[in-house]
Every structure is written in structure tokens, then in C-alpha cells.
Amino acid sequence: MMGPAVSAQAWVRSRIGTWNEWLAQSSTRPAAAAQDLTLEQARHMVEQHRALARDLATARRLLPKSRTTAALEALYLRSHVQIDRAPRVTRAALLHLAREEIPAVMASLLPTILWIVALLLASVGAGWWLITRYPELISLIASPSMIDQVEHGHLWTSDLFNIVPSSMLSLRILSNNITVTLMMFCSGIFLGLGVAYFSALNGLMLGALLAFTHQHGLAGALLTFATAHGPVELSTMCIAGAAGIKLGESVLRPTLPSRRESFESCARRLGPVLGSCALLLIGCGIIEGFVSPDPRVPLAVRLAIGIGWWALMLAFFSGRLFAWTTVRLQAPAQ
Amino acid sequence: MRKFHPAQAGFFLPSNNALPAAATDERAPHPEQLHIAGLTGVDLGLEIAGPGNRSYAFIEDWLIRVLVALAWFSLALFLIRAEGVHAKLVYLGGLPALAIYLLYHPVLEVLTHGRTPGMRHAGVRLVTRSGGTPGVTALLIRNVFRLIDMLPSLYLLGLVCCFLTRERVRIGDLAAGTLLVVDAPGRLPSSALAAVAHGALTPAAAELIEDLLERWGSLDAQYRVTLARTVLARMQQPLGDLHGSAEQQSRQLRERLRGLLAQRAAG
Chain A
1 MMGPAVSAQA WVRSRIGTWN EWLAQSSTRP AAAAQDLTLE QARHMVEQHR
51 ALARDLATAR RLLPKSRTTA ALEALYLRSH VQIDRAPRVT RAALLHLARE
101 EIPAVMASLL PTILWIVALL LASVGAGWWL ITRYPELISL IASPSMIDQV
151 EHGHLWTSDL FNIVPSSMLS LRILSNNITV TLMMFCSGIF LGLGVAYFSA
201 LNGLMLGALL AFTHQHGLAG ALLTFATAHG PVELSTMCIA GAAGIKLGES
251 VLRPTLPSRR ESFESCARRL GPVLGSCALL LIGCGIIEGF VSPDPRVPLA
301 VRLAIGIGWW ALMLAFFSGR LFAWTTVRLQ APAQ
Chain B
1 MRKFHPAQAG FFLPSNNALP AAATDERAPH PEQLHIAGLT GVDLGLEIAG
51 PGNRSYAFIE DWLIRVLVAL AWFSLALFLI RAEGVHAKLV YLGGLPALAI
101 YLLYHPVLEV LTHGRTPGMR HAGVRLVTRS GGTPGVTALL IRNVFRLIDM
151 LPSLYLLGLV CCFLTRERVR IGDLAAGTLL VVDAPGRLPS SALAAVAHGA
201 LTPAAAELIE DLLERWGSLD AQYRVTLART VLARMQQPLG DLHGSAEQQS
251 RQLRERLRGL LAQRAAG
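So the protein lines, in turn, are chains A and B.
Heads up, the first sequence is in the working numbering, so the first residue is 1 and it goes up one at a time.
Heads up, the second sequence is in the working numbering, so the first residue is 1 and it goes up one at a time.
Just so you know, not all the hints are guaranteed correct.
With a cut-off of at most 20 Å between alpha-carbon atoms, the simulated SDA-like pairs for lysine to any residue come out as follows [unchecked claim]:
no., chain 1, residue 1, chain 2, residue 2
1, A, Lys65, B, Leu159
2, A, Lys65, B, Glu47
3, A, Lys65, B, Gly45
4, A, Lys65, B, Val42
5, A, Lys65, B, Leu70
6, A, Lys65, A, Ala10
7, A, Lys65, B, Thr202
8, A, Lys65, B, Arg146
9, A, Lys65, B, Ser250
10, A, Lys65, A, Gln25
11, A, Lys65, A, Arg15
12, A, Lys65, B, Ala99
13, A, Lys65, B, Glu32
14, A, Lys65, B, Gln237
Pairwise CB distance ranges (calculated) [to be verified]:
no., chain 1, residue 1, chain 2, residue 2, range
15, A, Ser143, B, Pro152, 40 to 48 Å
16, A, Glu100, B, Gly41, 44 to 52 Å
17, B, Arg187, A, Ala92, 17 to 25 Å
18, A, Leu121, B, Leu67, 24 to 32 Å
19, B, Gly41, A, Leu94, 50 to 58 Å
20, A, Val89, B, Tyr223, 26 to 34 Å
21, A, Arg43, B, Leu67, 22 to 30 Å
22, A, Glu100, B, Val110, 21 to 29 Å
23, B, Leu77, A, Ala92, 25 to 33 Å
24, B, Pro152, A, Met45, 44 to 52 Å
25, B, Arg120, A, Gln41, 46 to 54 Å
Treat the hints as calculated values from the structure; they're not laboratory data.
Just so it is clear, the structure is predicted and the values come from calculations on it, not from any experiment.
Glycine is no exception: its CB is placed at the ideal position from the N, C-alpha and C atoms.
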């Protein structure tokens, strides 16, 4: 009867050439190139993976806890990583995302969005009431220079155009807006309390500033400034807040076997909506840097831009923006 | 002392509040390992990188991005001053430097498929729960949650989360479904296998010699000499003609082991 050492020797002798060949292949083939494989190459890779699995199972039996087995495990893992990868993002997949997935997520978010809007409006009202009743509290919200400017009849936004180049202003604003929106979403992990805090704080500040500028006859100028970029900016904030609430809900009331799975699935489902909000905010930043502080832009143009951008956002989130776009399907490469 | 189980932290307990029943079962996967169900039925265990490995990789990446951002900013500032450009254009130096600093992780993780230079150097890599390469969406979600993980400062929340979770992940990883695992080098012991293939050595003996040779530099001088003598004696190799100082003898023993392996590998 053949002993285990002898059978291991015979087996290693028969396989060593193949392993060295696989090792050479895996070190020369970069991971990213796997997406560009032909069908034949992909089939060969899968066959090789199966053969590797067989060898690994045998090595575990004949050479347990050996360096050979460890090396085969590493090789097997490398092969596993090359096969088990996310599919390439195609135009068709992007269209499906924009037409089906994002509108479906938005429909599920709608009731929560309405609650966030209600909270925001209530906070705006509270801020307005607070500053109307106790004007000295504005020092908690606005900086001394802002207060000084408004008291002298100037809006703090009127000098922006002359101080900072528009492109830089845009970049600064859009990065700040995107950070605030993402922060609002992420703070949903704190069981949704973070979202409530950020929504209430933003609403309170908005209401307070409106009341303060109203007291000095500048509320109209402030609204004019915000007309072009404000609607989409506030809407994305509410959408991000609603997404954050859903995230908190996924931890509180999991829909999958574990809270981690539920949280992960929810974050993955909401990710594209957040990405879309970030893209919309880039547009808002450009408007806020180039259009909003420019005194030469008339109100009608600002209104047109504001409503147009908002309508575009609605069309996108409802799936109507790409409703008529067609996609040509490609046959797989041979 | 009773050992604290990470799942007892409570927040990420399974929704039915059941603690893992197999925690003491010897056949259960190692708690610090990611068990991957292979596509072929042959399963794998990946060693999960702990907070130490993770912090090491992060600090390396942090140093790289700070240095690159500072280099860009200094160069831009130098050029702007040399050309006597308006002070407003200092933004041209500052904003790209800020972009390098802030976008380093999302951009590099996507481009390198979850292996930034810091991770590469620390010997770790990002994988999905199935052991695959994370997609772009997962990597972006992971990076968005840095906003929370870095709270209140110095990634304290992320670090605490790493200590409390069974798989040593931060909140961003929980959201993205990713894990940081130790990247095994995977090098076949070629000479040892060749010796085994020629029937000159048993697999265990061949691997022992190759292992000893590889670890020669890191072993204590006295122990490596003892080990080498023992191995050579077992292989019935003569040891009588060793000469010179202890250091020279150690070198001779190493050469003899190398020669033995090469001789047996050549058949």
C-alpha cells in the first residue's frame, strides 16, 4: 500500500509544473485586465479556477498546514478575486438606474421627505419667531461682520463677487454643500437623530437670517440672491435627510436577518440617490458662484434658472428625464 | 476573566438578539477570519486585519497625501510669488492641494481596486464579504462614511467601532459591505517542491529546510545554528569539517543547507 508521503511526492511531481505556470500567469496578469478578457479566455480562467480548487483540496489532505498549501490558497484566492467581481457599469445599467432604481427609491422616500420638509418649515418659523421676539439672539447665528453689514443696509452676499473669483467661490460653495448633504445622510446612522438635528439647525438659521434681514429691509434681496440656487439646494438637503432617516430606520427596524445586512443593503440602495444629489449640488455651486452674487442678473433670469434647475431635478428623480433614451445592446465579444 | 465578545456590544447584534452559538465550537471558523464560501465548494479563510494593521495603513496613506498636497501647494506658492501674480490666485495652489488631500482615498481606492499604497505597504487589502474586489459604489459609500468615522476627531468613532465589531470594521465598511484582510503573499516553495518531486526529500523535510533558510536572518544566531545542525544530522550530512569563528560556521551551515536543497532538487 502506498504511504501518504509517497503519494504526496507523486502528486507534487505531477502538479508542480502546472502550479509554476499558474503562478507566472497570475503575477503577469493584472487584476483590472480581467474585464477585457475574451469569452475563450474567461472560460479558460474558470476551468483553471476549478483545477486549482481540486489541487487545494488535495493539498489540504496530503500536505496540511504546509507552505505549499498556503501558496495554493493564496493562488486560489487571487483567482477567486478575478472571477468574483462586480459587473462593468454599462450605459444600459446606468439607464436602468436612472429610469427604474432611483425613481423607485425616491417614491419610497417621499413620505419621509415630506416629514423633513415639515420639520424644516417648522424650524424656519421658530427661527423667524425667535429673532422677531428676541433680536439680540442673532449674534448666536450670524458673525459680527455679517450683522454689521446688514445693520448698515448691505447684504453680506453683495461683496462676494468682488472678493473671490467666481470659479473659486463655486468650488468652495459646492464642496461645502456636498459635505453638508453627505453629513446629513451619514448622520442617519445615529438612529435618525442626527438628521433631525441638522434639519432643525439649518431651518432655524434660515428663519433667523430671514427675520433679521427683514427687520433691516433686506429680506427681498436675500430671497433674490437665493432664487436661482436655493430650491434645488434645499430640496437635496431634504432628500439627503430623508435618506438618512431611512438609514437609521434600517438599523432600528431591520428588514433582513441581521442589522448589519439591513444597514448595508439600505446604504447601497440609497447610494445612487446621494450621488445624484451631489451632482445636482455641483450645478447649484456653479449657479451660486457665477449667477447668484452677480447684481447684473435680473430677477426674471434668476427665477428661470431656479425653476428650470428644480424642474430638471424633479424630472430626473421621477425617471422622466431619460424615459425616451434608447440603448443599443451589444453582442458579447467572441 | 470572562472574555468580552464583540457581538455583546449590542448595536450590531442580529435582529433576533441571538449570540453566535458556535463561539466555542472548535469546528467553527476562527473569529478573526473571514470565511469565504468558494465558487467551487472549496472554502477559504482570510485573516481579518485588526485595528493595528488598519491604523498603520491609514497613517502611511495620510503621510503620502499630506506630502503630495504640501508639495503641490509649495510649488504653486513659489511659482505665484516668482511671477508676482495677484494674491487671489493663491487659491490656485490651495484648492488642488485640498482636493489631493480630500480625494486621495476615494480616487485611489477606486483606481487600485481597494489597495492604496499605504494598504499595500501594510500588507492588507479591501475585499467584499464574498472575498471579491469591491465595486465603485461600495468604495464610494465606504469613503462617504469617513465623515462619521472621523468624529469627534482622529477617527475615534471608527476606531471604537473597529474594536467593538467582530470583523474589525468601521462604520463605512459596515455600510459598504467591505472588510480589510491580510494579503497573503502566496509564494510556492519551488526548491522544496522540486526536491519533493524528485523523491529526494519528504514534503515536510523539504519545507522545513526552505523555511529555515528563508528565516535565517531573523532567527537568533545560536538557535539557527542548532536548528541547522539538527536538520543536517537528520539528513545524515557530515558536520565534522566546520571551521572558523561562530559567524563563519553559521555561514557555512547555511551554505550546506542551500547546497543540500539544490542537490536534492536537481535529482
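Where does the structure disagree with the numbered hints, that is, which hint numbers, in rising order? 1, 5, 8, 9, 10, 12, 14, 15, 16, 17, 18, 19, 20, 21, 23, 25
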